[in-house]
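Trainee: Read top to bottom, the protein sequences are chains A and B.
Read in full-length UniProt numbering, the first sequence has 574 at position 574, and its numbers run on one by one without any break.
Read in full-length UniProt numbering, the second sequence has 287 at position 287, and its numbers run on one by one without any break.
Calculated directly from the structure, the hints in this document are not laboratory data.
Incorrect hints may appear among the rest.
Distance condition first, Cα-Cα at most 30 Å in a straight line; then the derived BS3-like pairs of lysine-lysine [what the hints assert, rightly or not]: (1) B:K40 with A:K529; (2) A:K529 with A:K468; (3) B:K507 with A:K251; (4) A:K529 with A:K225; (5) A:K225 with B:K40; (6) A:K529 with B:K47; (7) A:K53 with B:K520; (8) B:K411 with A:K45; (9) B:K411 with B:K507; (10) B:K507 with A:K522; (11) B:K507 with A:K529; (12) A:K225 with A:K522; (13) A:K655 with A:K53; (14) A:K225 with B:K507.
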Amino acid sequence: MSTMTPTRAPHPKTPAEPAAAPGRVGGGLFDPRQLIASFPDALRKLDPRMMIKSPVMFVVLIGSVLTTVLAALDPGDWFGWAITGWLWLTTIFANLAEAVAEGRGKAQADTLRKAKTDTVARRLAGTTEERVPGTELRIDDLVVCEAGDIIPGDGDVIEGVASVDESAITGESAPVIRESGGDRSAVTGGTKVLSDRIVVKITTKPGETFIDRMISLVEGAARQKTPNEIALNILLASLTVVFLLAVVTLKPFANYAGADEQTSLIVLTALLVCLIPTTIGALLSAIGIAGMDRLVQRNVLAMSGRAVEAAGDVSTLLLDKTGTITLGNRQAAEFVPVEGVSAAELADAAQLSSLADETPEGRSIVVLAKDGHGLRERDQGQLADAEWIAFTAQTRMSGVDINGRRVRKGATGSIVAWVREQSGTISPDADRITDEIAEAGGTPLLVAVQDSAGARVLGVIHLKDVVKEGMRERFDELRRMGIRTVMITGDNPLTARAIAREAGVDDFLAEATPEDKMALIKREQAGGKLVAMTGDGTNDAPALAQADVGVAMNTGTSAAKEAGNMVDLDSNPTKLIEIVEIGKQLLITRGALTTFSIANDVAKYFAIIPAMFAVAYPGLDQLNIMRLASPESAILSAVIFNALIIIALVPLALKGVRYRPASADQMLRRNLAVYGLGGLVAPFIGIKIIDLLISLIPGIG
Amino acid sequence: MSPVLAGVLQLLALIAALALAYRPLGDYMARVYSSEKHLKPEKWIYKAIGANPDTQMRWPAYLRGVLAFSLVSVVFLYLLQRLQGMLPGSLGFQAIDPDQAFNTAASFVANTNWQSYYGEQAMGHVVQTGGLAVQNFLSAAVGIAVAIALVRGFARSRTGELGNFWADLVRGTVRILLPISVVAAIVLVACGAIQNFAGIHDVGQFQGGSQQWNGGAVASQEAIKELGTNGGGYFNANSAHPFENPNGISNLLEIFLILLIPFSLTRTFGQLVGSVRQGYAILGTMAVIWIGFTALMMWTEFAHNGPAFEIAGGAMEGKETRFGIGGSSIFAVATTLTSTGAVNSFHSSYTGFGGGITMLGMQLGEIAPGGVGSGLYGMLIMAIIAVFIAGLMVGRTPEYLGKKIGTREIKLAACYILITPALVLCFTAAAMALPTPGNSMTNSGAHGFSEILYAYTSGANNNGSAFAGLNADTQWFNTTIGLAMLLGRFLPIVFVLALAGALAEQKPVPETVGTLRTNKPLFTGLLVGTILIITGLTYFPALALGPLAEGLAS
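Pulled out of the complex, with its shape left as it was, chain B reads as follows (with noise of 0.2 Å):
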């Protein structure tokens, strides 16, 4: 079998498996938000942490739980790493330095997982399964529960009321992605990955060095790693590791459990606004936008182009032969139109225009079809965008869901999307201003500038992964991506709530043919269309000075 055609099965393998889960899972998420009833294990953790799963919330109160929760993890976490040196189970490993655990800290909470360490020399079994695993949850649990607020903002009609945080956060933990990382994990440890909670290894002498080799909870780890769209590796190597990704199956698996969710929560988003097409149109837009650019990375990536490729059968350089390019490539654009940031390959060692997808996939705010809950919500935004611009066009003011798009709505759409690039561009215009930050950089001339741009666009968006070559363990990176990440995080999420809120308080406007009909192809073209073009054409000018300008020197 060539490994084009091996590519092109594991897609449609994939594809298959995607729509085989799409109506269950959506259906069933839908129920677990509607759901009038607790688990008896649920009312345990409300009674112990004091909340009333019953009331209802306005925004602001909504808002202040998912801020204080995060406020309250971040520290958590931060401590956790600081006082790593005098917990058990560590290791041997010392406590972390403040900035990185600061980095650390926020890259986590905000789902991020941008890892400035090397999780087997620095991270020990309590940070990486007590704190690290936990976070991966519950930061997936927060991006649903906030997509679901905005959901059951169109949804609902003149109520501010878009449902009780604890009882969202809680119920996306045990019920969704507790029981789906459960199975993933035994499967994965099936496919070879470890799980255990041995400690370290010398496994001998090689040439110029030793090697050791870690144990822990790898898979139970990977699982959720993959799940909740985080990213964050047990190993540095992150899912190129054999530990955490043994083989084709596993990778295939693992791709499968970063979309999983994000595609599915269109059904659900269907389901909970009464209109299961409204969920195929957005379903369809992400669609559009996974698969085109899947393909033109297998594109580039499988193009011949100079005697080393062509003696590869591709790109080889950076990625592991048990993936091969099929394998890498569709991983790659996976994990960054999603906020994953796992890498089973090194970006860096893309091709010029292969690094420009992954880049562009992020910069596209992750939303095609995006991390848990965010991918949701920012094409959500998108749509409030595009149908504001289109919708003018039928001859109406502009309407989505049975809401009108007024002027609160659109000031609050468009301030969420002025965040993500405002963050990506400056604090990329201050490393490349500044005389010191440059120094991180092993490249020089355009994948220089890629790395860094990678490294802000990865961090802002709440991707995680990295470029490579870039040296971010510095004060500066790790606090700047780390500003950048819970700003790039939690000022969406503000203003996504806000508009919830705003959304929710509106009486409906019913539906007549004059009405922009948001659950048709024409408006996924629109959608992808508007998407493309005003995400696209704010980071032209910067892509092109990177990965534009290495692909195109021959």
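So here's chain A without its partners, still in its complex pose (with noise of 0.2 Å):
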């Protein structure tokens, strides 16, 4: 039982999550219906004491309310209104903006809750059993599930063995073996046990399970601002500053000037709001949630924001060989015959050796036989009187007898072991083979047939690791990047530098024991490096823990699902790669938005200064080169757009920039001319195009 392991579906993508093309980070969904739905969410967030953190949103709310006292004060300056009303948008559709970034969590958390339905746990008192509700668990607590039971909450399996429904958290629908001892020990709260008994014995607080986390991870309730996130709003926040300054002193500027009337309150507090970088700041929050969102959609859990930030600085991946770089199991890729064989007759005795092999191997060998030398398979009742010998991990070879001819085919020692008891003969070339064999990094087997001519070795068969397809694309990708890829193996470093040379990894750490990996991880960190890993078992653990980016297997043990910063629900390793595009692809996204947003400055003041101070100096009308209709529709126009750009923008924010594997400075040539150049361009079209529509209105133009 000990060797079984979990077989799964492929799993099926989750709806929310397009196809994404190779190499390239799909965005999220973004439903416009999303905008109306969350409206009411957006409103209630108006809340001043939740306004506060973000210091440019919160300087607009302030705007807002300022010009709506002034309004009111003059009820008949219908431009008043009119500014008063876009600036209540700009800070509405700032919280829209969040609400829907987090009404996308909140979906998911609901689908949770459902799996969360109040249990009834079988506590283990002694010998008996008693039902108590699964909220008065406490830890090391022993409960009892059979067939058909919700798991009341996290635990290992300390006794038996049972097939478990963990769709509920995973969405995947196939159901996983847990047992005890060993790897697959950990069970989740909420999952449902469909056959046999096991005793789970419970390593976590009610309110503290793996699905409470879940729930407020998307929910977005445990959302910490980031390291960069806080930086970045320190920035922003200075800058609001400096604006504000700008624009207070300019009232005894504008006053000298004689420029009084023009520049009222209510102008001067739409410019600031044009000024301060309303358009990154009423998104940045959105930025990170929907950063999150993703990963969720990808089925990744980050237990923080901060991990995720990490991820996008990571220069080291630690990827395990089996199963992420390589395929589970090593194939056959040649048959090599000795001197005076031909290729033929070797692959003929392969096959026929290798029919009574169920391993893996076996069945490769097979399967080459048939694609290499288009030898039709034949299974063991179409071989009349043939004895079969089955391939075991004692004797370690296979064969068959028939016809007075034996044909053998197994690990180099067994069958030389065997030809020498038929006193047959080991031709040198045999030697020469495998040794070539060994040192490319592959495993060799010998073929050896016993008849008439007596019993000898026919050939080799070349076994080797295969590695899966498009994995030297995604190294050489994250090359690109600036990402070093490690393989670790326990393979012996011959046959690991054989296959990192043909994975195309930068490195392999071979024979790895888990302290090795920590050291590992430790020198590349001391280097000022930050390293991703992914893991699973118990052993596994500390270097999680080390690593700047630790990814658990769900299908892991609790020990290495409490170390690692973020878990994995498919338990694919290879997803590694994809988390480290997302965490770029948050921070160009924040980068690409904050340019934009300080470029659009650029134009506003085109249209705002003339509109201030034309009457002052005329001269200074030179500088609508925007050609606005009038100063009201000039202010109001930049006004607007510096609303709408906001909307505009939502579903950049949700969905992310278009991140493709790049090196920086590919990047950056591009992310500063679509969002840098665009962001100084854009506002001047946009502002015209108001303008245009603003002056149709009668009265106005």
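Using the hints, build the complex out of the two chains.
Mentor: In structure tokens:
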């Protein structure tokens, strides 16, 4: 039983996840209807105690209140009301962005809550069993779960084995095996036992279980600002102060210039709101939430936003060889005959001798004989009076005796011994070939035959690890992004080197023990590098905790899940690469929108400054390069553009900017062109169009 | 030769001279600040002031050194002026009034050299040479020391140690400023600048009055005035005075001296952080802005606009005929893009746009190339801001020169960029809002506003040049500009040194192809854009009401 691995159907993609093109992080889902649905939440967020978290938007809120009061004092002034209305919209749009981002998590949380129905636990008290509510369980309590029971809390199986339906958490319908001891002992509260009986030792308090944490994570309740987000907020706040000073001090300057009338408090407030970085201020928290959400959509739970940010900075990836870089098993790649034997003869013998070998390696030999040498697959029944010798771990060979001919295939040592036993000869060729294969990192299997001509070795089967398709390209991509991949394997250095070379990884750690892994991480970190790794076993836990990004497989032990800062519900180690890309995309989105936001200011000045001062200094009308219709329409257009751009960018903030792995130079050049230059130019066009529309309203143009 | 061609040739000659000096001087300065050895005279100084030049200082200690030394300097300079009447060699001048003495002391210690006094009518040899000229050396050396401390913050890791302030101060003075000044002074004397301790000469009667000429140690003070980006002239006419700046050659030499150390320090920076290319990127940023501003200035000043300008061949009002429009424009841009503030022409008389260029130059924070030391640290702060915003766009949390720009770093950089705009705008607004300060304006309208805006821009940015026209010798202006100069100098230094400490404590982040490369032309372009947008936009409304309104009025 202990060799059994949980088999699972390929994970069905969650509906929210579009089929991602290779090498590109797909965006999240954005549906304009979400804007309407989240509107009430957006209004609720107008609470100043919540607004103060974003200093930029708090200033806009104060501005909105101020202009409302001013407009109310002069109710006949349509301009004052128009500005007031659009300032309120600016504030609400910002809240809307956040509400939409959070709304998507809420839906997910509701699904999870359903799984967390109040369960009744069958607690073991000594030898007797008592029924208690799941919420009363304490750490180290023992509970019994049988087929049909919902597991009442997180814990480890200490007795028995059962198949468990974890679809409530992973969305994966195929059941998994959970058993006592080893790396598959962890069970999650809220999942359902489908068969057999297990005894679970509870490891978490109620309310702190995995499912509870998941709910609070996807809801954003546990969301804390990440370090980079805090730093960006500081910069935005200081820019806000700078612009506040520029606008406040403008009043005495304008009075001196004789532009007192044109610089009413309403106009100055409008100018201030246009200048402070509202675009990024409004979208900043939505970007962060959406980043976490993109991970959730890929079935990855980040326990902290900090880890997502760190993922963008990772410069070393530690990847386990088996299952991540290579397919799980070695496969036959080549038949190499010794001198005097034809390839077809060897293939035939290899196939015959492997029919009784049900291991993946054995099957791959049959497949190679068929695909590479056109030998039709025979099954054991087809050959009458054949005596099959099945592969066992003890004999380490398999074969068949048929019509006085005995064919054997197996490990070098076993076959050599067998041939010698039959007093046959070992061709010196065979030695050379096996050495060559071993040097190339492969595993040689000998094929031998005994017939009328005596016992002899026919040739060698070259078994090798098969690198997953597309891995080399993935690693090339990572290299272009400046990320070094290190393959971790238990193989000997020779084999490891060969696979590393074939897969295109930058480095490898052979014959790796958990201690070696830990030492490697510490060495990389001492050089200032950030390290990401995946792991599932208890012995991975220290390394997972030490790594900057530690992704625990959901199939892993609770110790591993506890130690990592992310959990992959699909238990797919390759996903580490996607996690890194999502981290980068999050940071790029933040930077791009900040750049865009700041670059926008130039055009707004060209709209508002002439509107305010062209009366005092007619020459300044030359700055009105957009030829806006009137001072009022110019200022209003700038304010409207400033508000609408927030809504226009909500999808971008939620989906993240387009991201393709590339070097920093290429990415910077592209993003600067799109968001820097675009940010300079776009408002000139936008404000002009809005102004054209406004001037069509009778009585304004 | 047409005046335009003459101007362009002067500019090219200047660029060539700066390029020649760049490597040797930059490398030499790097050696000065990393050498282990002390020169004999330096040891005497250390003994005299009781400092141990070999102890390493963390940033608070370094800052204490800067502030204590500067405080003592202010007090010393203040007392020297207040006691002038009792000192020998005072040429009969009396004690300076308290508000003006404070203003002058603050001004020279803050490397600003704003002068609300007339040198030849107020200051004797002792104050000029024993007080002001000495501060010209020391305030410049303080600036370089702070810049070097910040560079060490980038270069060092896992330590909070930034070097020794006393050693940096003394070495900068003894090994860099003094030797170059001596050579420069000799060349200036050769050009015709005066150097003596003669008294006041009556040089006869003129229509409407008499004229007096002062002798003095002019050439020596002139050399360090430019080299240390100080700018306080011996005479009120500053570098327009023939005793200070006799001819076209001396004019070019003075501009060369102004720009020499600030530009070359980028090489020193590159050497100390282990990549001269990083220095080139910073140099490139400075050079693009400087050349761009100079070209704009020459264009606007040469542009013939109206019959008077056409006859004069350009906007010659307020400019010396011996320098012409070219030599004056290059000087005006060099002096306002550094914290020098020396003038060889009157910025108030420039075209509206020309005056605007001088103001914008200062408002950018004087970082292209900026004052000695202060230009480099100001530019590095802007680089941090640029890296922070754009660095995110490469998908990593921002880092510069292998150091993470995290919360603490950005907090300090953000405080730095807040200070001067706050000082300039608040003081100008106060001056405009209050009833009396406006009486000091000699012009009305936009030009009058420019005078006051220029004064606080110059003070808070430690430039020291004046727009002329403004009567700044009032209690209000002496006090507020004095405060602006002190706060505009030392508050940023507090944040720079704190930042240096934070950086030096970090462990370095290795560079990969995923790292934003800050040694490339792309980064230079980005940095120029960031500087123009972030600092430029701060002042756009104010500039619109001053020089822009004036320049666009036709």
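Trainee: Compare the distance between the alpha carbons of K507 (chain B) and K522 (chain A) with 30 Å, and conclude whether the hinted pair is satisfied.
Mentor: holds, 14 Å
Trainee: Under the criterion that the straight-line Cα-Cα distance not exceed 30 Å, is the pair K507 (chain B), K251 (chain A) satisfied?
Mentor: At roughly 47 Å apart (the allowed maximum being 30 Å), K251 (chain A) and K507 (chain B) break the hint.
Trainee: Tell me if the straight-line CA distance from K655 (chain A) to K53 (chain A) falls inside 30 Å.
Mentor: Holds - the C-alpha atoms of K53 (chain A) and K655 (chain A) are around 23 Å apart, at most 30 Å.
Trainee: CA of K40 (chain B) to CA of K529 (chain A), is that 30 Å or under?
Mentor: With a Cα-Cα distance of about 45 Å, the restraint between K40 (chain B) and K529 (chain A) is violated, given a limit of 30 Å.
Trainee: For the pair supplied as a hint, K53 (chain A) and K520 (chain B), is the alpha-carbon distance within the 30 Å limit?
Mentor: violated, 37 Å
Trainee: Hinted pair, alpha-carbon criterion (30 Å max): K529 (chain A), K468 (chain A). Please report holds or violated.
Mentor: Satisfied, since the Cα-Cα distance of roughly 27 Å is no more than 30 Å.
Trainee: Are the Cα atoms of K411 (chain B) and K507 (chain B) separated by 30 Å or less?
Mentor: holds, 19 Å
Trainee: Is the straight-line distance between the alpha-carbon of K225 (chain A) and that of K40 (chain B) 30 Å or less?
Mentor: Measuring from Cα to Cα gives roughly 56 Å; hence the hint is violated.
Trainee: K225 (chain A) and K522 (chain A): Cα distance at most 30 Å?
Mentor: Holds - the C-alpha atoms of K522 (chain A) and K225 (chain A) are around 27 Å apart, at most 30 Å.
Trainee: Given the proposed pairing of K225 (chain A) with K507 (chain B), does the C-alpha separation stay at or below 30 Å?
Mentor: holds, 24 Å
Trainee: Going straight from one Cα to the other, do K529 (chain A) and K225 (chain A) come out at no more than 30 Å?
Mentor: Holds. K529 (chain A) to K225 (chain A) sits at ~23 Å (cutoff 30 Å).
Trainee: Please verify whether K529 (chain A) and K47 (chain B) have alpha carbons no more than 30 Å apart.
Mentor: violated, 45 Å
The earlier numbered hints that this structure contradicts are 1, 3, 5, 6, 7.
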